Amino acid sequence: NAGVTQTPKFQVLKTGQSMTLQCAQDMNHEYMSWYRQDPGMGLRLIHYSVGAGITDQGEVPNGYNVSRSTTEDFPLRLLSAAPSQTSVYFCASSPDRKTAEAFFGQGTRLTVV
Amino acid sequence: SQQGEEDPQALSIQEGENATMNCSYKTSINNLQWYRQNSGRGLVHLILIRSNEREKHSGRLRVTLDTSKKSSSLLITASRAADTASYFCATDASGGSYIPTFGRGTSLIVHP
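The listed protein sequences correspond, in order, to chains A and B.
With our numbering, the residue at position 6 of the first sequence is 6, and numbering never jumps.
With our numbering, the residue at position 55 of the second sequence is 55, and numbering never jumps.
Don't read these hints as lab results, they were simulated from the structure.
Possibly wrong hints are sitting among the right ones.
Stated by the list, open to error - Straight-line Cα separation of at most 30 Å, DSS-like style, residue types lysine-lysine; simulated pairs:
{"id": "1", "chain 1": "B", "residue 1": "Lys69", "chain 2": "B", "residue 2": "Lys26"}
{"id": "2", "chain 1": "B", "residue 1": "Lys69", "chain 2": "B", "residue 2": "Lys56"}
{"id": "3", "chain 1": "B", "residue 1": "Lys70", "chain 2": "A", "residue 2": "Lys98"}
{"id": "4", "chain 1": "B", "residue 1": "Lys26", "chain 2": "B", "residue 2": "Lys56"}
{"id": "5", "chain 1": "B", "residue 1": "Lys70", "chain 2": "B", "residue 2": "Lys26"}
{"id": "6", "chain 1": "A", "residue 1": "Lys98", "chain 2": "B", "residue 2": "Lys69"}
{"id": "7", "chain 1": "B", "residue 1": "Lys70", "chain 2": "B", "residue 2": "Lys56"}
{"id": "8", "chain 1": "A", "residue 1": "Lys98", "chain 2": "B", "residue 2": "Lys26"}
{"id": "9", "chain 1": "B", "residue 1": "Lys56", "chain 2": "A", "residue 2": "Lys14"}
Just so it is clear, the structure is predicted and the values come from calculations on it, not from any experiment.
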């Protein structure tokens, strides 16, 4: 059982480039979310989805887009990368609102130069 | 702004001692969870306590919740060097999305 899989694990982008961070889960979870983790800031919620076709903004959504066309996949798109988006990005999923435990991927370390 | 805040930010103890971390939050919650993160890895769920519960145990972990004070504590008893990690509390606000929001974490070092 793979759980939550994030790709790539590491990425270096130039300012202004765009890219998509991939997240897939094989547990048939309804809820999926994206966080960024910066030193001293903990995890901050970027976007989340409570089911296929439904997405919403979290605490720090600017500069990021998401879509949820299937239950399994929840990609995060950086539209025009900025140095301020240098961070470690985590994708998480949880079964539903009654089962709140979140399962995390191993993270994507992104550097924007 | 972040919902939960852990205290202390850093904790250094000897193996065998108990470690206590606290979490305070701002608004009413459905659940409060504690997670662990080893360096460079994803977070791993430790324990969940619901808003109508006051105490929960799991192995060497004990979690308490005081909704009147909007605070929780995580106690790790008889700590081991392998417990060295960062610990985060996460809450989901009542009437909200049920997506957990995290504090900044407590960095625990357990010296052998």
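Here is how each hint holds up against the structure:
1. B:Lys69 to B:Lys26: 10 Å, holds
2. B:Lys69 to B:Lys56: 17 Å, holds
3. B:Lys70 to A:Lys98: 21 Å, holds
4. B:Lys26 to B:Lys56: Given pair B:Lys26, B:Lys56 holds - Cα atoms ~21 Å apart, limit 30 Å.
5. B:Lys70 to B:Lys26: Holds, because 7 Å separates the two Cα atoms, which is no more than 30 Å.
6. A:Lys98 to B:Lys69: Holds. A:Lys98 to B:Lys69 sits at ~24 Å (cutoff 30 Å).
7. B:Lys70 to B:Lys56: Distance of about 16 Å is within 30 Å: holds.
8. A:Lys98 to B:Lys26: The hint holds at about 22 Å.
9. B:Lys56 to A:Lys14: At roughly 48 Å apart (the allowed maximum being 30 Å), A:Lys14 and B:Lys56 break the hint.
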